[in-house]
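K.L.:
These are the residues of each chain, in order.
There are 2 protein chains.
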Amino acid sequence: MDTSQLLKGVLDLAVLAVLRDADGYGYDVLRRLRAAGLEDVADASVYGTLRRLFQAGALTSYVQPSEEGPHRKYYGLNKTGRELLEQSTKTWNHFADTMSVLLLEKEAA
Amino acid sequence: MDTSQLLKGVLDLAVLAVLRDADGYGYDVLRRLRAAGLEDVADASVYGTLRRLFQAGALTSYVQPSEEGPHRKYYGLNKTGRELLEQSTKTWNHFADTMSVLLLEKEAA
DNA sequence: CCGGAGTACTCCGCAATGTGTAGTAGTCTT
DNA sequence: AAGACTACTACACATTGCGGAGTACTCCGG
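Protein chains in written order, with this note's numbering: chain U, 44 to 152; chain Z, 44 to 152.
Worth flagging that the hints you see were computed from the coordinates, not collected in a lab. Certain hints may be false.
Because identical chains cannot be distinguished in the list, a pair is counted as satisfied if it fits within a single copy or across any two copies.
To be verified - Computed list of lysine-lysine pairs in DSS-like fashion (alpha-carbon distance at most 30 Å, straight line):
1. Lys51 with Lys122
2. Lys133 with Lys51
3. Lys122 with Lys133
4. Lys116 with Lys133
Source: prediction; values computed, not measured.
Let the hints inform the model, and build the full structure from the sequences given.
P.N.:
Below, the structure is given as structure tokens:
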């Protein structure tokens with residue numbers, strides 16, 4: 044199965060969710076997503092999503108040097124981002140519920 | 044909100060689910076999906092998905108004339124289609140669960 | 001009898017977005 | 001010095017849902 048198509052439109056949401064509790068940089072966000080169960084996410088997708096969300100005004104961004112490698116570009120949620128997360132979560136939940144019902148309708152009384 | 048991106052990769056599954064209990068033709072599948080809650084699905088998407096699934100060998104197809112309008116192209120699940128439905132349902136459920144957890148992790152103890 | 005609505009399908013080009021690959025660059029280990 | 005891990009960027013590509021135009025059939029109202 045190809046999960047990559049399932050991610051369409053949901054990766055934004057996943058990234059926002061992962062940044063909810065603490066700021067993070069791309070490579071770290073990638074690890075958090077994989078740890079959460081999205082093991083097939085590609086790194087380019089995460090970096091791209093972060094850039095898109097930043098450009099959409101949902102994220103703040105600041106660069107910090109690291110002693111264990113190259114510099115890190117941190118991202119964090121701002122007000123817009125939190126609102127987007129909240130709204131998208133609702134949309135997703137509604138959508139997922141709809142699909143659940145559709146997949147269950149096996150035995151119509 | 045734009046639900047169109049959420050449908051990516053899931054419309055296949057939704058169409059298969061709708062055809063599970065009874066064969067159907069494009070226009071009818073569209074109505075069933077909308078009735079199930081997927082109100083924003085566009086007709087071209089459904090026709091396209093049906094063609095794709097048919098070409099992938101998951102559907103049977105036969106044309107039937109209608110007395111209330113143009114002919115209808117019926118589609119039905121074959122063995123491959125049922126297997127695909129089953130497998131895709133599992134993939135979807137797993138994915139949806141993963142997202143649920145991700146969206147809930149608000150209060151880490 | 002003609003126009004419009006509803007039914008039913010096809011084709012085409014577009015837009016969004018996740019992916020693979022390549023490239024740059026820093027740190028650390030062997 | 002070579003290689004692994006970290007960290008990010010850029011580009012071209014594939015998939016797939018959507019909008020719009022076009023075809024065609026049936027039925028109804030004026």
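K.L.:
All the hints need checking, so say for each whether the structure fits it.
P.N.:
Structure-based check of each hint:
1. In this assembly of identical chains, lysine 51 and lysine 122 lie within 30 Å of each other by CA distance both inside one copy and across copies; the values are 24 Å within and 28 Å between.
2. In this assembly of identical chains, lysine 133 and lysine 51 lie within 30 Å of each other by CA distance both inside one copy and across copies; the values are 17 Å within and 18 Å between.
3. Within a single copy, lysine 122 and lysine 133 get their C-alpha atoms as close as 17 Å, which meets the 30 Å cut-off; across copies the closest is 36 Å, which misses it.
4. In the homo-oligomer, the alpha carbons of lysine 116 and lysine 133 lie at most 30 Å apart inside one protomer (29 Å), although the nearest pairing across protomers, at 36 Å, exceeds that limit.
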